[in-house]
Structures are given as structure tokens and as C-alpha cells.
Amino acid sequence: MSLDISRETQKISERRIPLGTLGHLAVFLWCLVLVLSSTPENMFWITGLCIVVLMILYPGVWRSIINARRLLLLGLIAIPPLYFLGDVDKIFLGIPYSSVGSIISLHIGLKFIVVLMALEGMTSAVEISALAGILERFGLKGLGFSMGVAVNLLPSLQKSCTQSWLALKMRGGLRKSWWKGLKLFSLTSITCALKRAEEIALAAESRAFSPEKTRPLPIARSPIDWVVFSLTCLSVLLII
Amino acid sequence: MKFSTKNLVTLAVFGTLWGISEITLGTLFKTLNIPLSGVLLSVIGLSIALIGRIFVPKKGSTLFIGVIAMLLKLFSLGGVVLGPMIGILGEAVIAEVILSLTGKPRLGTLTLAGSLSVLWVLAQPFVTNPILYGRTVFVVWEKVINNGSQLLGLRTNAVFWILGIMTCIHLISGVVAGIISWTLGRRLQQRVGLSSEE
Chain H
52 MSLDISRETQ
62 KISERRIPLG
72 TLGHLAVFLW
82 CLVLVLSSTP
92 ENMFWITGLC
102 IVVLMILYPG
112 VWRSIINARR
122 LLLLGLIAIP
132 PLYFLGDVDK
142 IFLGIPYSSV
152 GSIISLHIGL
162 KFIVVLMALE
172 GMTSAVEISA
182 LAGILERFGL
192 KGLGFSMGVA
202 VNLLPSLQKS
212 CTQSWLALKM
222 RGGLRKSWWK
232 GLKLFSLTSI
242 TCALKRAEEI
252 ALAAESRAFS
262 PEKTRPLPIA
272 RSPIDWVVFS
282 LTCLSVLLII
Chain X
23 MKFSTKNLVT
33 LAVFGTLWGI
43 SEITLGTLFK
53 TLNIPLSGVL
63 LSVIGLSIAL
73 IGRIFVPKKG
83 STLFIGVIAM
93 LLKLFSLGGV
103 VLGPMIGILG
113 EAVIAEVILS
123 LTGKPRLGTL
133 TLAGSLSVLW
143 VLAQPFVTNP
153 ILYGRTVFVV
163 WEKVINNGSQ
173 LLGLRTNAVF
183 WILGIMTCIH
193 LISGVVAGII
203 SWTLGRRLQQ
213 RVGLSSEE
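Protein sequences, first through last, are from chains H and X.
Be aware that the first sequence starts at 52, since it is given in this note's numbering, and climbs by one per residue.
Be aware that the second sequence starts at 23, since it is given in this note's numbering, and climbs by one per residue.
Each hint can be trusted.
Quick list of in silico lysine to aspartate or glutamate cross-link-like pairs, EDC-like style, CA-CA up to 20 Å:
(1) Lys80(X) with Glu263(H)
(2) Lys24(X) with Glu249(H)
(3) Lys24(X) with Glu256(H)
(4) Lys210(H) with Glu250(H)
(5) Lys210(H) with Glu249(H)
(6) Lys80(X) with Glu249(H)
(7) Lys28(X) with Glu249(H)
(8) Lys28(X) with Glu263(H)
(9) Lys28(X) with Glu256(H)
(10) Lys81(X) with Glu263(H)
(11) Lys28(X) with Glu250(H)
(12) Lys246(H) with Glu256(H)
(13) Lys24(X) with Glu263(H)
Rough simulated footprint, nothing fancy, chain X against chain H, three-plus residues with beta-carbon under 8 Å:
(14) 129 to 135
(15) 160 to 174
(16) 186 to 198
(17) 208 to 222
(18) 240 to 247
(19) 258 to 266
Residues from chain X that keep clear of chain H, each with C-beta distances beyond 12 Å, as calculated:
(20) Thr124
(21) Gly125
(22) Leu129
(23) Ala145
Worth flagging that the hints you see were computed from the coordinates, not collected in a lab.
Built from N, CA and C at the ideal position, the CB exists for glycine as well.
Can you build the whole structure from these sequences, using the hints too?
Rendered as C-alpha cells:
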């Protein structure tokens, strides 16, 4: 399996309003704060507002929400209150349900959709290096470099782990003393990874890389970032 | 939190390994609906993170590994899954706090960090479900008890037994993670040579 910074994400990122990293993060946090502070009385217009804003910013984001696994998860989270909260006092198509529970179910379902849409939109728009750059500015110095190494290492480590696993399996290493086999597998995989890490560290140092002297990874900026940031802050204050 | 180039690369390696285990095994376990898959995944992930701590015994290294794994999971195939991301970060933060307070990583400190971090898997739904999805604590509690009763074959009214046994399972799994990381970490140090912290 490989990282999905590709097709589906690219589809979503087509035709989008040019926001910078700060803008996308502000919108994401704005949605989270609003839905988390919503009550059953104001949930419709708050979640509606969030969904409209998210659809404008990330036009294709709904596509990634509608898949079997997520719908199943939504059902598992939203359906139980229909029967377990309040008295079962109403009937719909011959199925009894609780009217109090139905409101809570709806609230849970809408919250779930907004949180997923916001997160999916944000991750489709913001690059992994930009997030690392932000975290670097919050004290995790060197995270950008480490993330770069990690993303580049991912395919080769996956390949090396798979090869070690297959070699062990073909030699019967998992039959009788499977625990010893698993231990050997872990040792081999991590040793390979560490050897590779040593090479990368040497290569970086030979190019005069030093964590103290490097600047944090650049963050994508847009002129409307601060406008979006101010608007989200103001609207949160007004609504709450 | 100052790391050398070699430290950063080593942390990236362990973060990637944790990320790989979450991306591949996480999807597999969830698809196969393996019971206690969260515990199993956190044991594997924490073992890797704690080995990383042995190799880079500096404050912040476990958190660093956790953040890398979380970011890789965030951008992994299958899209955003909030639970595992919060789980990874929570486990990393707990392990980091314990290891930072107890000093140099030893068998005792690693097992303590492992056990309390794995316990987070049990506690996490009580924190995230009400905040993120608006589920009441009562509903989460009911689900935990029902799952425990199914898993252990006990009646649902034996609440304290279910909760006690589930807590013990999580704590013991964490201890196993600590022991694995200590054993493998030392073996690896012998194989690779000195730790990255010469």
C-alpha cells in the first residue's frame, strides 16, 4: 500500500479557492469548534453552514465521504440512540423509534459528516510537508526533515519488510517456533531500516545538513488567508 | 528538544515503521474484524516507538515518532480515520510523559510506559466519542461493556469483572510491549553496533 497523496486527493483539489495552509487550517478548526459547540436546537443551521462552506472550498469532498465503510461507521454511531435513548414512542414504516433519540441520532450523524468532510478537505488541500512545517514552528524542530525522510523511506521499508516476511515464510520460519520467527522478522526489518537510516544520515551530513541551521519548511501562503482566519474567529465568537 | 541529523533519521525510521504497521496491519485487522485489534496494533506500534526511545534516549523522541506515524496515517490510503490518529498521538504522548519523568529508558520504565499507553486504547472512546461525535458517555460505556461481555463470555451485569479483566488485558499487553521493546532494542543495539547516541 502506498501513500494516497494522489488521485482522489487531486480530484478534490481541482477547482478550489486558492487558500494557503493557514486558511485551510482555520477552516478546519472553525468547523470543528462550531460542530462541537452546536446543540440540538441550532445544529441544522450550524452544520448546514459548515457543509456549504466546505462544499464551496472543496467541491469534490463529498465523493470521498460516500463509501461503504464510512456509511457503515456512520450507521453504527448514529442508529443506536434511536432505540436506546428516550421512550420508543413513534413508528416509521412499521419500525418503532424514540423521538428524543432521533434528534440525538441526527445530531451525531451531522457532526460526523462535518468532521469527516473538514478533515478530508484539509488533508486533500494541505501537503504533508506543510503540516510538518507548522509543527516545526511549534517546537518539533527537524520534523520537516524527518517527514521527508519518512515519506521517502516508506516504499523501500515496506518492500524490505515484505521481502523479509516472504523469505521467513518460505523457509518455514513461522511453523513450529513462530515466536522466534516473528522476533527474527522484526530484527531483520528494523536492522535493514537502521542501516538505511545510517546511509541517509551520512548523505545528509556530507551535504552539510545541520538541524540547527536549517529553516523550517515553507508554508503555502495566500493573500486571503488572514481574511479567512479573521472571519472564522469572528464568526465563532458571534455564534458561541 | 535538540536532535542531531542521525537522531532525526533514526526517529524517521521508527516513525515510518509505526506508520507502516498502522497503515497495513490496521486495515487488515479492521477488515478481518479481529477482536482487540486496537490493543494488538498499539502493542506493535508502541514496541517500535519504545525501541526508538532506546536508540534516541532524549526527551521528545517518542512524541516525535508518534507524530511521524500519525502524519503518515493521516495521509494513508483509505483516507482519514480519526480514531487511529488520535490513538497514535495519545499513546505517544503518554509514553513520552512517563519516559521523560523516569529518565533513561530501562525495562521498568518501558513496561510502565507501555502499559499506561495501551490502557489509553480502553479510555480513548470515553474521550473522543462524546467530543467528536456527540455520543453520550453512557452509550460509550454500554458499548464497552457489551464488547467486553461478548469477548469474555460474561453476563453484561458483571460490570466490574468485565471492566477489571479488560483493564488487566490492556495493562498486560502494555507490559508485553515494554518487554518486547527492551529485548529487541538490546539485540538490535548489539547487531547494529552502538545506539545512535554514542
